[in-house]
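**Q** Here is what each chain is made of, one letter per residue.
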Amino acid sequence: MAGLELLSDQGYRVDGRRAGELRKIQARMGVFAQADGSAYIEQGNTKALAVVYGPHEIRGSRARALPDRALVNCQYSSATFSTGERKRRPHGDRKSCEMGLQLRQTFEAAILTQLHPRSQIDIYVQVLQADGGTYAACVNAATLAVLDAGIPMRDFVCACSAGFVDGTALADLSHVEEAAGGPQLALALLPASGQIALLEMDARLHEDHLEQVLEAAAQAAQDVHILLDRVVRQHVREASILLGD
Amino acid sequence: MLQKREKVLLLRTFQGRTLRIVREHYLRPCVPCHSPLCPQPAACSHDGKLLSSDVTHYVIPDWKVVQDYLEILEFPELKGIIFMQTACQAVQHQRGRRQYNKLRNLLKDARHDCILFANEFQQCCYLPRERGESTEKWQTRSIYNAAVWYYHHCQDRMPIVMVTEDEEAIQQYGSETEGVFVISFKNYLDNFWPDLKAARELCDSILQSRRERENESQESHGKEYPEHLPLEVLEAGIKSGRYIQGILNVNKHRAQMEAFVRLQGASSKDSDLVSDILIHGMKARNRSIHGDVVVVELLPKNEWKGRTTALCENDSDDKAWGESPTEPMPTGRVVGILQKNWRDYVVTFPSKEEVQSQGKNAQKILVTPWDYRIPKIRISTQQAEALQDFRVVVRIDSWESTSVYPNGHFVRVLGRIRDLEGEIATILVENSISVVPFSEAQMCEMPVNTPENPWKVSPEEERERKDLRRSHLVFSIDPKGCEDVDDTLSVRTLHNGNLELGVHIADVTHFVAPNSYIDIEARTRATTYYLADRRYDMLPSILSADLCSLLGGVDRYAVSIMWELDKTSYEIKKVWYGRTIIRSAYKLFYEAAQELLDGNLSIIDDIPEFRDLDEKSRQAKLEELVWAIGKLTDIARHVRAKRDGCGALELEGVEVRVQLDEKKNIHDLIPKQPLEVHETVAECMILANHWVAKKIWESFPHQVLLRQHPPPHQEFFSELRECAKAKGFFIDTRSNKTLADSLDNANDPNDPVVNRLLRSMATQAMSNALYFSTGACKEEEFHHYGLALDKYTHFTSPIRRYSDIVVHRLLMAAISKENKMEIKGNLFSNKDLEELCRHINNRNRAAQHSQKQSTELFQCMYFKDKDPDTEERCVSDGVIYSIRTNGVLVFIPRFGIKGAAYLKNKDGLVISCGSDSRSEWKPGSLQRFQNKITSTTTDGESVTFHLFDHVTVRISVQASRCHSDTIRLEIISNKPYKIPNTELFHQSPPLLKSELVKEVTKSVEEAQLAQEVKVDIIQEEYQEYCQTKGRSLYTLLEEIKDLALLDVSNSYGI
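As given, the protein sequences belong to chains P and D, one line each in that order.
Here the first sequence is numbered in the numbering used here, starting from 1 and rising by one per residue.
Here the second sequence is numbered in the numbering used here, starting from 1 and rising by one per residue.
In short, the hints are calculated from the structure, not lab data.
Some hints here could point you the wrong way.
[Said to hold, decoys possible] Result set (PhoX-like, lysine-lysine): computed pairs, CA atoms no more than 20 Å apart in a straight line:
hint	chain 1	residue 1	chain 2	residue 2
1	D	K573	D	K621
2	D	K197	D	K186
3	D	K7	P	K24
4	P	K24	D	K573
5	D	K49	D	K79
6	D	K631	D	K574
[Said to hold, decoys possible] With the Cβ distance kept under 8 Å, some of the chain D side facing chain P (calculated, not the full set):
hint	residue
7	L107
8	H638
9	S829
From the three backbone atoms N, C-alpha and C, an ideal C-beta is built for every residue, glycine too.
So here's chain P without its partners, still in its complex pose (with noise of 0.2 Å):
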C-alpha cells in the first residue's frame, strides 16, 4: 500500500479541504455557572473545555504574589478518551506540562496583567477529544473563557497551527496530516495588530520556507478571529437580551 497523499495533484487535502480552508469552529461561551469564565470550542473533531477563575488572592504560598503584576496560572490536560488508544495519565505528563507553559507565556503576552498586582487568574483547559492543533483549539478555548470572564486584555488571541507539504504550507493540520511528520508550526497571534504572542515549531524547515508557511498560519488565525469575533458578540447580544436592556 502506497503512503498516504496529503495534497492531491488536484490541490485536495486528504479531508477534502484545499490547503488554506480550515476546519469547521463552532464555540460556545459561558458554559458554566460557578466559573468567572468559561468556553467550548470544536475545531473539526478537536473539542477543549476552556474554565477561568480570578482575578483573584494568591492561593497556597504567598511568595509566588508578583508586586507589578498578576500571576497567570495555567494547567492544560487532556481526557483519557481523547485519543484514538486510551491514555493513561489525564494529566501532569511531560507533554502536559509544556502546554501547560506555552499556554501561559501566550496568555501573559495577551492579558493586561499590570492592571492586577498581586493576584492570580487561573486558566484550565480540558481537550475532550484531539484530532490535530491541539495547541490552537486550547488557546482559542482560553480567549474566550478569558473574555467571558471579563478580564482585560490587549486583544482576542487566535491561534492556528500550518504544516508544510511538497512545497504549500497547509492551514490547521488535522491529526492525519500531524502524524505524517512533516514540520508543523503554531502560531498564536494578536490579530489587529498583527502581533506574534507565541510562535513554536519543533521539526526541521528550509529557512526559505518559513515565511511562507508562517503566513499561511497568520491568514488561517485572522480566520479565526472572524469566527471568534462573531461567537463573542453574538453571547453579547444573549446576555445583554437576558439583562433586558
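Since the structure of chain P is already known, use the hints to place chain D on it.
**A** Structure of chain D alone, referenced to chain P:
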C-alpha cells in the same frame, strides 16, 4: 460553503486489535469538472486542462478497469476519459505507487484527453459507505452516482459511458438513467473503437496473462528461486551492515552468468568494499533485472569468484572457454529487491522451428528481448505466428519464485525486423524515448509568425528590455547552414577606452512559460535527440528554427551577459546580465570567420550580408567586422590561457575527431584542422556559462542547477598508464594539469593514431559530467574537472537543452532579486531540482546511447550488403588497443569502428601467420602477457601481437535475429594494410559517415520504392536534417565530455 461529514474507519493495529477512527470529510458545492460544456464555468473555476469538445461521448472507467487496463486507457486515441477520484484512490491503495504515478503522469500529460474529477469532495456525488457494504460495491456505486451527476451537470448534452468489469453493476445500472450507459470494457472497445486494433489486442493479452497468473498461483509447484525477504528485514539488514544496497548491472557480454552490483549511498562508506559485488549466475540474481535497486548478501570468502576477461559472444555455452578467471572479488547473492525498474522491452518472437522445440504448450511463448541484459520473457498469446517477423514491445507483469522466466504481456508492434524504421523505433523504445509530434494544445501556445501575420517586437517588451539594436554590432558564428542559432557575440570599445564583450543567448523562456504545456513537454524530452539520420526536437520548429533562433537581420529577444574588460590586461571590471533586444548583423560560418581573421578578405563574396552594398560602405563595415573578430579572438586566447594555468584539459585537438568518427551525423562538419574561431566561440560560451553559474549560485545558494565533473578515480587510469608504458610514454594522472601535459607529450611522430587512442582512453577513464542541484552537494564538489572551473552550468543552448531553460529562469529570478522586484513564478525547490537533474542526466544518457546505437545500426547496414571476401572496402587497417586472453580489441581509424577480433576460434584453433603474413587457423595455444599476446601452433610457429600494432582486418556483419546486428572483425594479416595504389593511409580521407548514412538511406529508399509510393519522404527528411547537422564546436566539446565514460559495464567484458 463546505459541509462537514464524518467518516468512520476501522483499522487494524500492529497488535491486531481493531481501532475505530473518525475522520472528517468536507464536501463542497463546486468541484472543477474540466468540461467545456460546464454551465457555470466561473463557479467550477477550471484551471489546467479541459476535455476536448469534439468527442461524441465521455467515458468513465470503473475502479477495476483503471487498475487492470490502465495501459489501454493510455492510448492517445481514446478521448474524453474522466477518471473518478474513487477509482484513482483504489489504484493508489491497491496497486502501489508505480501504477499510481503512471496514472498521475497520464493526468498531467497535456497530450492525453483525460481529467480527474474529485467526486468524493462534491456534495451531491459523495455517498457514504453503508453498513456492511463491501468496498468494491461502494466504489462502483460512487462512480456510477458521480457519472449520473456529471451527466446532469453538463445539462444532459453529452452521453456518458461507464465501463466496468462488474456484471452485477451492468445488470443493475445498465438502463437506470437515460444517457448514462454501463457496459463492459471489452464491449466498449468492440463497439466504439472497432478500428483500434492495437487496443483490442492489448486487452486480450492482458486478460490472458491475468488468467494464466491465477491458474499458476493455484497450482504452484517446486520453487525455482528463494523468496525475497520482507522489506522490514531488508531495511534493518542494510542499517546493520549485514546487507548491501546497490543497483544491479548485468554484464552485456555474459548476461547469463555475470552481473555486478554497484554500491549506493552510505553502505559504501561504512564497509571496506571498494569494488562492485559480483553476482554469479541467474540463481544468485534471484529474479532481479538489470537496473533494479537490489539488496545483496555477501557470500563467505571461499565462495568468491573472479570475473572473466576472455572475449566471448553472447552464447549460452558458457563453459566453452574454461578460462581461468581473474583473482576473486566480493561475490554475493540478491536477497530482495527494493525498487523494480521495469520498463517496456522490445522483443522478438522465436522463429517457427524454435517454437516447435518449445513443446506443445504453444500458448506460452518465450520471447527474446533485444537487450542482451534482460532475461527471456514468457508471454501468452495466440498471435505468435503472425508476429514472427516483427519487433514487439512487451511489459513484464510478475516474476514468481516458482517460474524460471518472468511473465509478461504483449503491448504493441513496432515494425519489421531489419526494416530501418522498425529498428530505429526499437532503439527509441529501448532508451525510453517517446517522440510523438507536438499536440494541438501545445502548438496553440506558440506565437504566430506567418507572412500575413508576421511576429513583431511588442512595445511592452521594448520598454523593459535593453535595446542593443543600434548600439552594438552583434553577429553569430556557426557551422554552415545552421538553422537554430542559440548564441551571438558582440564586442565594442567603450567611451573610457575599455572593451565590452557581450554574449547574447536566445530568450527561449520568454516564449515558454513555466508549467505551460510546451514547457512540460520540453521537460519530458529534456534534450533534442540526434540520431544518425534524423533528429527529434525538444521545442517545436516555430521556436527552434524561427522565433528563438538569432538569425541575421531580424529583431530577436535575447538574454545577454556583457563584461567590461580592461583595454590592455583584459581583466573583467564589471558584468551586466539582463534581457535585451538584438538584431544580428551577420550570420557567419566558421570557415568565413577564419578567413576574415587571417586577413583573407576575398571571402566576403560568400557572405550574403555584404552582397548588396556599395563599395564604400562595404569597406567600412568589413573593417568593423574584422576588427571585432580579431579582438574577440584576442580576448578568448587570454581567457583560455588563464584557464590552462589552472589545468584545463586539452581533450579537443585530436580527440574530437576520434570521437566524432563514431558519431557520423556531425562528422563532416569537422574540418581537418580545427580552426581558431571554433575555440574562440567555445571559450566565450564557457566564460558565459561560468559567470552565470557564479551569479545564480550567489543569489540562490541552495537551489540552482549547476554542472559538475568529478575528478576521476585513479584506478581507472591504470590501463591508460600501462598502454602508454608499452609505447614508452609516461602519463602522469595526478591532476588535470599533469594529465593534460603528459598527454601532449605522448605523441608518436610515426603513428598519430597512438595519441588519439591514448586520449580516448583518458576520456574513457573519466566520469561523466552531470547536472546537480547545489542544495544536494557540498561546495567543494561543484568543481568541473575537465574545464578546471569552480562553478559551471549550461546556459548557452536553451533551444536544445532543458537544463539551459531552467538556468535562464534562475538567472531571471536572480536579476529580479537583485533589483528587489518580486520573483515571478516559483523556483524549483532543492528536492524538485534534484529530481529534475536526475531526469535530465538520465535523458542525456539515453540520447547518447540512442545516437551510438543508431550509428552502429547504420554501420551494420552499410557493411551488410557487401561481400566481405570480394569487396575492397571490407578490408582495412586496424590498431590493437587492448589485449584479452583469447583475442584483441581493434580500432579501425578509417571507419571509426572499435571491435573485438579473436585469436582463438570456437573449435579451439589459434591464429597463425605464415611467411606471407596471411593468417590461418591451426591447433595451438595462446599466451597472454602484459602488453602482448603470443599465439603458438603445435608445429612451433608463433606470432605475437603487441599493443598499437597495425594489422589488416576484414569487416563483416554478424547478423542476429533477436538483437542488433554486430560488426565482426577478423585479422587476416599481421602487417599493416597496404592500399593498392601506393597511397598512404594517412592521406586517404576517412569515409565520411554522412555518406554512409546517405548510402544506407538510399538503398532503403529504393527498397521502399519498389513496394510503395512513399518515395521522397526520407530524402526530404534527410535534406532537412542535413541543415541542422551543424552545431558549434563548443557543443561538441561538451558532448565529448559527456561521452567520456560509457557504461562501465562495457569495460568488463570487452
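**Q** Take the hints in turn and mark each one as holding or not.
**A** Hints, verified against the model:
Distance check on the hinted pair: D/K573 and D/K621 sit about 29 Å apart at the alpha-carbon level, beyond 20 Å; violated. Under the criterion of a C-alpha separation no larger than 20 Å, the hint pairing D/K197 with D/K186 is consistent with the structure, at around 12 Å. A distance of roughly 15 Å separates the Cα atoms of D/K7 and P/K24; the hinted pair therefore holds under the 20 Å criterion. A hinted pair counts as satisfied when its Cα atoms are at most 20 Å apart, and P/K24 with D/K573 does not qualify at roughly 61 Å.
Pair hint D/K49 plus D/K79 holds up; C-alpha atoms about 13 Å apart against a cutoff of 20 Å. Distance restraint check for D/K631 and D/K574: the Cα-Cα separation of roughly 18 Å lies within the 20 Å cut-off, and the hinted pair is therefore satisfied. The criterion of a C-beta within 8 Å of any C-beta in chain P is met by D/L107, whose closest approach is roughly 7 Å, and the hint holds. Given hint, D/H638 at the interface with chain P, is violated; its Cβ is 39 Å from that chain's nearest Cβ, farther than 8 Å.
Annotation: D/S829 was flagged as interfacial toward chain P, and the flag holds, the nearest CB pair being 5 Å apart, inside 8 Å.
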